[in-house]
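A.B. asks: So you can see what is in the structure, the chains are spelled out below.
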Amino acid sequence: MKKIFLIPFLSAALMISTCLKITAQDAAAILQKVDYILNAPKDQKIMTTITLYDKQSRQSLRTMSMVQKGSDKRLVKILSPADQKGIGFLSLPNDNTTVYLPAYGKTRKIAGSVKNSKFAGTDFTYEDMEAKKYTSKWVPKLISSDNGYYKLELNPKTGIISDYSKLNMYVRTTDNYPMKIEHFDKSGKLCKILTDNNVVKTDGYQIAKELIMEDKRTGTKTKMTVTSVTFDNGLSDDYFSERELIK
Amino acid sequence: MKKFSKLVIRFRALIIAACLLITAVMAFFLKDIKINPDITTYLPESDSVVARYNEIGKNYSSSLMAIIIVEAKDGVFTVDAIKHINDLTNSARLLQGVEYVISITNVLDIKKTEDGFEIGRLIDEGNLPATREECGKIKEYALSKSFYKGHLVSADSRYTVVICKLNSDFDKNKVSKSIKELVASKNFPEKFYFEGLPFQLLSIMDYVKRDLLLLTPLIILVLGVILFLSFRSIRGVIVPVIGVGMGVIWSLGLMSVFNVRLSPISDAIPVVLFAVGCAYGIHVYNRFRLVVRTPEDKRKQSAEALSRIGMAVLLSGITTVMGFLSFIFGAYLNIIFEFGVFSALGVLFILIISITFTPAMLSYFPVEKHHKPSARLKNFEPLERFLEKLSDVIIDHPKKILIASVIFVLVMIAGIPLLKNKIDILNYFRPKTDIRITASIMNKEFGGSLPVMVRVRGDIQDPAILVKMKKVRDFLEQQPEIKNVSSVGDFIEEMNDCMGEGKRIPDSRNKVANLLFLIEGDEMMKQMINTEKSEAIIQAYMKNVETKRYKEFFASVNKLLAELNSPEVNFAQTGMPGIYSNFDDSLMKNLLQSMILALVLIFICMVFLLRSLRSAFIGMIPLLFTIIIIFGFMGLTGIALDICTILIASITVGAGIDYAIHFITEYKHHIIQGRSVEDAIAFTVRISGKPICINVITVMLGFLVLVFANLLPLLNFGILIAITMFFSGLGAITVLPAVISLFKLKLVKESDIRIKRIGN
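Protein chains in written order, with this note's numbering: chain A, 117 to 363; chain B, 381 to 1140.
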C-alpha cells in the first residue's frame, strides 16, 4: 500500500526539481544572452545627449562622446556645455581612472572612485556606468515569463559589493534585450528604474537609442539619447591612452 | 441694561439651547485642532531677513536637516564606534522619508596624491578599520582637516554628527520619530542627542501637548477649590466653570475652523481664559445669590440681578478684549498675533455667555439657601472683617494711603531702566529639555548652534566673485563667536591645490567650471550651490551671546556686504543673529505701541460706558500705578522682556481695569441712592471688595498654574500677571477709594442723585 503512494510522490518531486533546474538554467542562459547582446560589439563609438531633470522638471543639457572596447576600457569626453567642453575620463582595468581638465591642461588620476556617487551630476552612479557583465556580479532567478518579457531577479554574488540589494530585469523574449531594470536599495525598497527605449539594430547590433534613469528617492531623472553610434571600428588598446584623452 | 436683562430671562430656554448647540458644534471642530511646532513659521514673512532665511531653508533644505549627535566616551575613532556609526548611517538611509545621510563613514573626501587626487570617502564603508592603528590614522587625518574638525567631528573627537536630510514630500514629524526609534532600537553604548529643526519640532509638539493636558485640568481644579471655599456651594463652582469652559471650546473650536494651529504660546489660551474669564461668571452668580432670595417672582428677581451686574460685567469684558486686541497690531511673531486674536475672541465669548447663558441657567435653579453665619462663623470671616477695617482706614486716612502708594511707585520706577530683552528663542526652554541640552553641546563642541548664512547671487564660477566670497568667509572667521564657516570655495581651493596650483581660488572661470564638474551632484554640494551655479551660500554657526552682540555682528556683516555688492554680484545676510536683531528692535516698539493703544482704547471705553471723563480718568489711576510697579519689578528682579512678558502691559490694562470698573460702578450706585461719599465708599469696599478679592485670588492662582509650563516665558508671564492682578485689585480697593475720599468725588451728576442723603 505504501509503495503505491510513494511512486506518485517521488514522481512529483522529480518533476518539480527538474522544473527548478530547468528554470535555473533558463535564468542563467537568459542573463548570459543579455551580456552577449550588450557586449557583442568589439568596440563602439557613441555620441550622446544627456538631459538632466531636477525635481521640478527643470532641464539641463550635456553632450558627450563615449568610446568603449570590450567591457573594461572606456573613454568619455564632454562636448557641451562650453564650460565643460573637453573634460574627459579614461577608465582602464583595475579601477584605473584618469580625468583630464582642459582648463588646467593636466590629467590627474582619480583613485578609489566612489562607486555609489553620481557620475557628472546624472542619476547614473559610477557603478551604473561600469561596463562589467551581469553574469560576473549577479545570480539570476527567473520569476516569470509572460507578456513578451522574462522577469529576472538578480541578487549579488557572494563577495560582491553593490549599492543595490537586488535588481529586477525585464528582458524582451524576442531578442533578449533588457528593456527595464528596477534597482532596489539595501532595505529592499525600489530606488531607481532604468528604462531602455527605441531599441534598434545598427550594423547588426542591438542598441537602445534612449535610456532613462529615474531616481525614485530624489524625484530626479536623467535621459541619455544616442545621437549616433558606430560599431567595430577596429580600435586598438593603445587608443585608450592619455594622449587620446587630452586630444 | 434692564430691557436686555428682561429679554434674556424671557427667552432663557432658547438661549440655553442655542449656546449648547454652538458648544456642540465647536467641540466637533475642536477635536481636529492641530499643533504647529515649526519655529520658522512663527516669524513674519514681511521681515526680509526672515523671508530670505525661509527661502534658503527651502531651496537648500537646511530646514530639513535632522542631526544625530553621537557621543562616544573613548572617542568616535574606535573600531566599535565607527562600526556603530556606519550601521546607523546605512540604516538611516533606508528609512522612508530620508533622502540622504552624511556621516564620517560616507562623507566625500578629496585627498591629494602623488600624481593626482583621490576622490573617495573619509572611511571606506566596505573596508572599515579593524585595528586601533588604522583608527588612529583616520583620526589624525580627519582632525588635520578643517572641513571635518569642528564640523563633523568635535576637536577632542568625542562627538560626531550624523546628518539626515529629509525628503520634503514626507511628514517631517513621522520621519523624525522613525529616526529616533531607529537609534533606540540599535541599543548602542554611545549616547545620542537630536538636533536640527525636524527634531526640535518633535520636542515642541511634545511640550505643547503636555502643557495642554496638564495645565488645563490643573487650572480647573485650582479654580474649583477656590470657588468652593469662597461660595461654599457646588453651584458656585459649576456656574462660572461651565461658562468659561464653553467659551474656551468656542475659541479653540474657531481656531480649528480657520485652520489656526496651536503653538507653545497659544496652548496657554485655556489657562488665560479660565483665569481671566471666570470673573464674569463669579460676579453674575454672586449678584444672583444676593438678589434672588424668594421663589416667588424668581424671574423678575433674576432680571433685576442681571441688570444690576450686567453693565459692570460688560464693561469689564470689553476692556479685557481691548487689552488682548491691542498687541496684535505690530506683533512681531505670528503666534503672538494668533494668541491675541483668539484670546480676545475667547473673552468675548465668555462675556456673552456670562450675560446670557449663565443668568438664563441660574434663573431655572431653585433659590439658594443662604447659610446664616453663626456667631462663631461670623468671627471667622477674616476677609469681611478686613474689608470693614480697610474701609475705615481709607475714609479716615486717605492722604497716608496715597503717600505710601506714591513712595512705593517711585521706588519701583528705579527698576525700569534696568529692564532687559531676552530674545534667544532656545533659552525659552527649560535647561533640562532636549532642545537646550543639544544646543549646549553644539555650542561647546561644534562652535555654535545659531545658523548664519550669506546668500551670494551672481556667476559663482567667476573667480572674482569667489574671491569676494573668500573675503566674507575670512571676515566671519575672525569673529570670536563664529565657527565652522564653509562654502563651495573651500572645495574649489582644495581641488585647485590637487591640480598643483596651490590652495587658492583658480585664476580662470574655466578652471572653476572644470573643478565643479567633478563634484557635481554630491549631496554636500547641494547645500552650498544651486544647479545653475547662479547662487551659493556661505554658512557659519554662531554661539548664543548677548542681544547687543547679535546686533553688532549683524550690522558689521551688512557693512562688509554693502562694500562687496556690485552689478555682478549681490550678497545678502540672514540667519538667527539677523532675525534676533530685528526681533529685538520690534520688541520695545511692540511693547510701547500695544501699551499706549491699550490705554487709549480702554480710556475711550471707560468714558463711553461710564459717561464721564473724570470717572474714566480716576479709574485709570490704580492701573497706571500697577504698570509702573510691574515693569519696575521686572527690572529689579532681572525678569526680561520676551515674547510672553511683552504682553504684560496690555493684559494688565485690559484685565486689571475690571476691579476699578466694578468699584466705580458700585460706588456710583450708592451715591445715586443718596449716600454720602464716606458711606458709599464703606458700602462699596465691603460689597464689591469681597468679589474683587476672591477674583484677585482666583486669577492669581489661575495664572500661577503657568509655573508648570514648559516654556520659561510662560512661567514668567504667569508670575507677573499674578503680581499685576494683585496690585490692580489692591489699588482698586485702596488707592482708588483713597483718591475719591480725599477729593470727595461723587462721580455722578447732582441731577442723577434721586434720593436725598440718608441719615444726614
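Hint data in this document are derived by calculation from the structure and do not stem from the laboratory. It is possible that some hints are incorrect.
Covered by chain A, per the in silico footprint, the following chain B stretches (three or more residues, Cβ under 8 angstroms) [unchecked claim]:
{"no.": "1", "segment": "875 to 883"}
{"no.": "2", "segment": "898 to 904"}
Listed below are the simulated DSSO-like cross-link pairs for lysine-lysine, each with C-alpha atoms no more than 30 angstroms apart in a straight line [to be verified]:
{"no.": "3", "chain 1": "B", "residue 1": "K525", "chain 2": "A", "residue 2": "K282"}
{"no.": "4", "chain 1": "B", "residue 1": "K1070", "chain 2": "B", "residue 2": "K382"}
{"no.": "5", "chain 1": "B", "residue 1": "K525", "chain 2": "A", "residue 2": "K225"}
Quick reminder that beta carbons are idealized off the backbone N, C-alpha and C, glycines included.
A.B. asks: For each hint, tell me whether it holds in the structure or not.
C.D. replies: Hint-by-hint comparison with the structure:
Coverage of the segment 875 to 883 of chain B by chain A holds in this model, with 4 residues showing a Cβ closer than 8 angstroms to a Cβ of that chain against a need of three. Check on the segment 898 to 904 of chain B: 4 of its residues sit with their Cβ under 8 angstroms from a Cβ of chain A, so the three-residue criterion for coverage holds. Among the hinted pairs, K525 of chain B with K282 of chain A is inconsistent with the structure: their alpha-carbon atoms are about 37 angstroms apart, more than 30 angstroms. Note on K1070 of chain B and K382 of chain B: the hinted pairing holds, with a Cα-Cα distance of about 25 angstroms set against a maximum of 30 angstroms.
With a C-alpha separation of about 22 angstroms, the suggested pair K525 of chain B and K225 of chain A falls inside the 30 angstroms cut-off, and the hint holds.
The structure fails to meet hint 3 from the earlier list, while all remaining hints are met.
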